[in-house]
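There are 2 protein chains.
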Amino acid sequence: MPKVNFLPDNVTVDVSKDENLLRAAMQGEVHISATCGGVGTCGKCRVVLEKGELETTDTELLTDEEKKKGYRLACLCKVKSDAELRIPVEARRGERAVLDRLREAAAFGVMLSTEDIHALVDFKVDPLIQKVYVEVEKPSLSNNTDDLSRLEQTLKKKGYEDLSIDYDILVDLAEKLREGDFKITVSIMTLDNNHTIVRIDSSDTTKSNLALAFDIGTTTLYAEVIDLISGDILGKASDYNPQISFGEDVITRIVFSVKENGLKKLQKAVIGDFNKLAKEALEKSGRKIEEVSIITAAGNTTMAHLFLGISPKNIRQEPYIPTVTHWPAIKTSKVGLKSPKSSRTFVLPGRASYVGGDVTAGVLASGMYKSDKLTLYLDVGTNGEIVLGNKEWLMACSCSAGPAFEGGTIQHGCRATLGAIEQVRLNWEDHEPMILTIGQAKPIGICGSGLITALAELFLAKVINPRGKINLNLETKRTRKGKSGAEYVLVNKEDAKIDRDIVITEVDIDNLIRAKAAVYAGITTLLDNAGITIDDVEQAYIAGGFGNYLELDKAMLIGLFPETDGSKVKFLGNGSLLGARLAAISAKAHKELNDIARRMTYIELSVDPTFMDRYMAALFLPHTDVKLFPTVKKLMEGGG
Amino acid sequence: MPKVNFLPDNVTVDVSKDENLLRAAMQGEVHISATCGGVGTCGKCRVVLEKGELETTDTELLTDEEKKKGYRLACLCKVKSDAELRIPVEARRGERAVLDRLREAAAFGVMLSTEDIHALVDFKVDPLIQKVYVEVEKPSLSNNTDDLSRLEQTLKKKGYEDLSIDYDILVDLAEKLREGDFKITVSIMTLDNNHTIVRIDSSDTTKSNLALAFDIGTTTLYAEVIDLISGDILGKASDYNPQISFGEDVITRIVFSVKENGLKKLQKAVIGDFNKLAKEALEKSGRKIEEVSIITAAGNTTMAHLFLGISPKNIRQEPYIPTVTHWPAIKTSKVGLKSPKSSRTFVLPGRASYVGGDVTAGVLASGMYKSDKLTLYLDVGTNGEIVLGNKEWLMACSCSAGPAFEGGTIQHGCRATLGAIEQVRLNWEDHEPMILTIGQAKPIGICGSGLITALAELFLAKVINPRGKINLNLETKRTRKGKSGAEYVLVNKEDAKIDRDIVITEVDIDNLIRAKAAVYAGITTLLDNAGITIDDVEQAYIAGGFGNYLELDKAMLIGLFPETDGSKVKFLGNGSLLGARLAAISAKAHKELNDIARRMTYIELSVDPTFMDRYMAALFLPHTDVKLFPTVKKLMEGGG
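Those protein sequence lines, which keep their order, are chains A and B. Heads up: the first sequence begins at 0 in numbering that gives the first Met the number 0, then just goes up one per residue. Heads up: the second sequence begins at 0 in numbering that gives the first Met the number 0, then just goes up one per residue.
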C-alpha cells in the first residue's frame, strides 16, 4: 500500500494504488483548495512533487516551467508508489489534534462491500422461480397421455409434485413442447411448498434467468439487474421518484391519492419510471427483459401500496391501518410493469404503516435478526427508520425526516450520481472549499453525503452557528445574501456543470437540521423504550441513499447519530435495495423477510410523549445539550 | 291413479292425474291420428267419451251436437278420474301382442328425476367456492394490524389457515371492510386444501351464491343456473353450438382451428353463445350474473380445448395427444365469459382425446364408478361414448356417431325444444302419423327422441325396409319423391309452425342408420374387449340430448342399443350437464371426477380391428344378423 506524505504538515496517508491524489489529501484531512470537483478545470489544487512518482494527466493550466519544478494538479494525479508532496500555499485546516480525536471516536464510516454483506447473511443463490431443463418422453399410440400429464410425470421425477400451472402456459404448451422436440426448460415458482409452472421455453434456457430488484424510495428509485445463476449484479439504474411532483413526502402523496384519479396517476408515474430504469439497467448489463422471471420491490408501506395501485388512505388516518403488509406473489402484468407474463412481483413484507418492506429488507441485509449482538439499524431516507434488537427480539420505529438527505428540498440537492458533490472540506482560515464529485465530473449539485459533510464543515469552520445561521460578516466572498436569504457558494458557475453557482442556503441548512433532529430523536426514543443507551449497542448499521459512503465523524458532528465508538458502526449503503436483491436470489431470504416482519415490535413515535421534546432539543448543531457530544464539545471549545 | 280404457281394443292405461289424453293413448300404443303435435288445430284426434269425466278445452272443430254425443279432441283433454273412451274410426296398430312383448323386453326408458340422480351419487351441497360471513375486529391504536392480517386472523378462527388472496381483492380490501363496517362476506375457494380469497362483499351475502353449469356439446350447448345454497336448478337455456357453421363434427373443427384466426373464431363463437345462454337462464331464474362464483363446463376434449382457446390440433394427428385432460381452475375473465372477476371456471377432467369431461361427468352422475354392479354407460351425442365397469374398474371408448341424434344433418331435425316432435306413432294400415310435440305446441321439427321413434315406426309400418329405403308404392300420400329424394311427410305445412311440410328423407334415415350403427358397434366392441356380453351387464345408463326421454323399445328396435332386459336400463338425460351440475355444487364431486378420469382405461376403437366390421354389419334395421334381436325378428316375421 503506497504512503503519501503531505508537507508542510507531515501528514502521512496510506492509500490504495491508483488512488486519486486529491482524494488521498481529503482522506488525510489535508486541505487543498479545489472547486471544480476534481475534474481538472479550476486549477486550484496545485501541489509540488518532492519525492516519488505520480501518474499525471497533462494540463494546460500549468506552464512547462511549473511542471519542471514539480507542480501538479492533485486531481489529475494517481498515486503509484510512495510519494511526498508539498502544499505550496499553506492552508491549515485547524487543530488537527482535535479533528483526529473526533475521527478516532467515529472512525471512518466503513462501507461494506457486496461480498461483506453476502457474508453477513450467507444466502445461497436459490431463487423463488427456478428453471429446470427436462427431456419429456415423446408420445406414441401406446403412450398417449396428454401433454400436461406427460410433463408433470417428468417433473415428478425431478422432485416436483402437485404442480399447478398458469392458464397462459396451457395455451401454448403443446406448441412449446413440439417446437423443442420435447426438450424444454420449465420455470417453476415454489411458494410454501406449492409449485407452479409459470413459463416454458422450447430449449435449454437454464443459463438465462434474471431478476430485477427495485427500491421504491419516497424520493429515489433504484433498480438492479441480478443474474439468478451467479447472484451477480449485472446492471444498475436510479432516478428520482417521479411521484415527487405530486408531493414530497408520504403524507402529501396519500392526500393526493384520494383525489380523483390520484391513485392511478401516482401508480402510473412510479411504474413508468421503473420500466425506464429496468430498460436502462438491462441495457447496461447487455441482457433482455424476456429473461426476467422475478421482480422484488422494497419500499415503505405507502410506497408499496402506491406501487401496486392500492389506496394508502387509511395509513394516514388514526389508527393508521395499511391494507396489506405481507404481500402475495403478484403477476407482474397486473402491476403494469413491462416484463414477461410469466414473471412474478414480490413486494417485500413490512411490519406496519410506518415500518415497511424497506426496513425489513435492511434488517435482513444486516443480519441483525440472527446476530447475538445487540444491534442498532438506522435507515436514513425520507423517513428515518430505526430498528433495535438481535436474534431474540426486534423493536422498530419510524420518524419523518423529509427528503433533505437525498437532496430533496435542498436548492442544489441531487442524487448520488455522476457530478454530485460527495465530499466537502472547508479551509478554516479563508473558508475556501475543497470538493470532490462522484466520478470527478463537473459538479452538478450536492448529494446526501456531500450535504452531511458540508453541514459539518460549515459548522467546524464557523461559517454557521449551532442554530445553522450563516455568518455574513466573514472575510470571504463565499458567503453572501442570495435570493432566498443567506447562502454559501460551494462552486462558482464557471466551475459547475450547471449555468449557475452551486450554493447551500440557510433554508437548506434548516431542512438538514430538522431532518437530523428527527432521526436523532427517533434513535434516542427507541433506545429509551428499550431501556438502554447508545453505549449498550454492540454494533450499528447505517443505511441510506446518501451516496457511496457516509463520513460517520461528520454524521456525529452534526448530531445525526449519537456520539459513540465508531468502530462498531458500519455503513450498509442502500439497505432496502440490498434486501430486495437478497429476496431475489434466495427463497430462504424471502421467507426470513416474512419472519422478520412478524417479529418486529412497532413503537408508534407519534404517541410517545418524549419524542417531540427530543426533537426540539436536537434542532441544534450538534444538540442543545452539547454534553451528549463530548468530542464535538471539545472541538467547539477549540481545546486540543 | 286414474285408469283410462280405450275401446274397441279394450286397452287400459294407468295415467297420472291431469295427463293429456292423447299422450295417454300414445303410452298405451293406441293409435289416434294426430298431425298437429297436440295443439288442437288439425282436429283429427277425435274420441268419444263413454264413461267418466274429462277436463276439456273448448274447440270450434267440433259441433255442439258432436260435443253432446261425447266427441272430444284427445289432445285438448286432461284425465281427471277413471274414464272409458272409444276411438271412432278404428285404426289398429298391428299385432299388439308382439308390440307388448317388445315393450316388456325393453320396458319404457325410465327417465331419472333430478332427485333420483342426486340419490344415486349422494353429494352434499358443498361447493368449491364458499361464502363465509365474518365480523372482523375493528382496528385501533392498540390493535393496528393491517387489514389483510386482521381478516386472516378472523378466518383462522373459522378454520381457514394459510390463505392466499387474489391481487384484485387486495386493491379494494380496505374499502370493502370499511363499507361493511368490518362485517363482510368472504368467498373462499378451496382446492387441494389450499384456500384462496377470491371475493369480498361488504355485507352478509351468504345467501347469494350461484353456479353456472355448462355442457359444451359438439352440436348443442346447455346452460343451467344453480343455487349453491340449496343445490336447486333455477334456470336453463340451450342452443345449437354456433361452431357448427365452421364444421359439424370435431375433426372438421380441428381442421378449421388450424387456419388463420380459426381457433379464435371458434372460441369466440362458443363463448359468445354461452354468455347469451347464461343471460337467458339467469333472467329465467330472476338472478344476477354478479352472484355467480363458479362455472363448471363439461365437454369432449376438443370442445374443452376450443372453449378455453387452446389449440386441439394434436388431437387429430396420431398419436392423438390433447394438451390437457386435467384442467386447472381458471379465472373466468381469462376465458372471455361475462361473470364476476372473482369467479372461477372449472372444466371437467377427461381421460383422453376422445373420452372427455362429458363422459367423466356422466360416469359421475350415474354413480357407476362406486357401484358393485357391472354397469354400461352410453352417451349418445355427436360422438357416442361408452363406458363399462364398476367400482373396481372402468373402461371407455368413443365412436363418431355424427350429430343426427341431436337433429344435426337431418333436414327437419331440431333441438328438444318447444314444438319439437318428440313422439311418433304410425298407423300400420293407412300409414297416418300420430305425433306429440314438446309443450304440445305447433310442430317446428323433429328432435332426437322423435327421430328414433319415427325411424322405428317407419320400419314397423314397413314404410321403410331394413336398409332404410322408403317404399314409394304404398297407398298413401305420406310418401313421395321430394327434392332430395324419397321422403315421408310427418306434418303437412298447414299443421306446422314452419311454412313447409315437415318430412323425413331417405338421406335423413341413412344418417340415422349410420349413427346408430356406430354406437352399436362401439358398445359391442367394448363389451367384447371386456370379454362379456350385454346380458352380463347388470345395469345400463343411457345419456344424450334426445329430448325429455328415450323410448328404449324403439332404440332396441332400430338396433341402436343391444336387445336386453329393459328393466335394467335407465335414461339419465344429459349426463354431461348432470356431471357439470354435480361438480358445481360439490367439491367432493369435483375431486371424484378427477379420480374417475384417472381410473378409466381408454380403448382406441380406430386401432381395434373388429370395430369397422361391426359397424358395417350394423348398417341395417335392426342389424344384418337379426338373431341378435330376437324380439324384433319375431315382430318382423309378423309372429305373435
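The hints are simulated quantities; they were obtained by calculation from the structure and are not laboratory data. Please note that a few of the clues may not be correct.
Where chains are identical, the list cannot tell them apart; a pair therefore holds if satisfied intra-copy or between any two copies.
Unchecked claim - Result set (BS3-like, lysine-lysine): computed pairs, CA atoms no more than 30 Å apart in a straight line:
1) 77 to 50
2) 567 to 340
3) 137 to 312
4) 633 to 206
5) 312 to 130
6) 264 to 43
7) 155 to 587
8) 50 to 461
9) 68 to 258
10) 2 to 123
11) 77 to 16
12) 16 to 590
13) 130 to 633
14) 275 to 157
15) 130 to 278
16) 333 to 79
17) 182 to 77
18) 340 to 137
19) 16 to 461
20) 369 to 66
21) 264 to 480
22) 633 to 16
23) 337 to 263
24) 182 to 312
25) 137 to 263
26) 156 to 312
27) 67 to 2
28) 390 to 77
29) 369 to 340
Status of the hints after comparison with the structure:
no.: 1; hint: 77 to 50; in the structure: within (14 Å within a copy, 127 Å between copies)
no.: 2; hint: 567 to 340; in the structure: neither (45 Å within a copy, 54 Å between copies)
no.: 3; hint: 137 to 312; in the structure: between (55 Å within a copy, 16 Å between copies)
no.: 4; hint: 633 to 206; in the structure: neither (59 Å within a copy, 76 Å between copies)
no.: 5; hint: 312 to 130; in the structure: between (39 Å within a copy, 28 Å between copies)
no.: 6; hint: 264 to 43; in the structure: neither (48 Å within a copy, 76 Å between copies)
no.: 7; hint: 155 to 587; in the structure: both (22 Å within a copy, 25 Å between copies)
no.: 8; hint: 50 to 461; in the structure: neither (35 Å within a copy, 127 Å between copies)
no.: 9; hint: 68 to 258; in the structure: neither (69 Å within a copy, 85 Å between copies)
no.: 10; hint: 2 to 123; in the structure: neither (39 Å within a copy, 85 Å between copies)
no.: 11; hint: 77 to 16; in the structure: within (8 Å within a copy, 111 Å between copies)
no.: 12; hint: 16 to 590; in the structure: neither (42 Å within a copy, 70 Å between copies)
no.: 13; hint: 130 to 633; in the structure: neither (61 Å within a copy, 70 Å between copies)
no.: 14; hint: 275 to 157; in the structure: neither (38 Å within a copy, 45 Å between copies)
no.: 15; hint: 130 to 278; in the structure: within (23 Å within a copy, 44 Å between copies)
no.: 16; hint: 333 to 79; in the structure: neither (54 Å within a copy, 65 Å between copies)
no.: 17; hint: 182 to 77; in the structure: neither (54 Å within a copy, 70 Å between copies)
no.: 18; hint: 340 to 137; in the structure: within (27 Å within a copy, 37 Å between copies)
no.: 19; hint: 16 to 461; in the structure: neither (35 Å within a copy, 111 Å between copies)
no.: 20; hint: 369 to 66; in the structure: neither (57 Å within a copy, 101 Å between copies)
no.: 21; hint: 264 to 480; in the structure: neither (39 Å within a copy, 74 Å between copies)
no.: 22; hint: 633 to 16; in the structure: neither (36 Å within a copy, 112 Å between copies)
no.: 23; hint: 337 to 263; in the structure: both (17 Å within a copy, 25 Å between copies)
no.: 24; hint: 182 to 312; in the structure: between (50 Å within a copy, 20 Å between copies)
no.: 25; hint: 137 to 263; in the structure: between (48 Å within a copy, 28 Å between copies)
no.: 26; hint: 156 to 312; in the structure: between (49 Å within a copy, 28 Å between copies)
no.: 27; hint: 67 to 2; in the structure: within (23 Å within a copy, 135 Å between copies)
no.: 28; hint: 390 to 77; in the structure: neither (45 Å within a copy, 86 Å between copies)
no.: 29; hint: 369 to 340; in the structure: neither (36 Å within a copy, 42 Å between copies)
When each numbered hint is compared with the structure, violations occur for hints 2, 4, 6, 8, 9, 10, 12, 13, 14, 16, 17, 19, 20, 21, 22, 28, 29.
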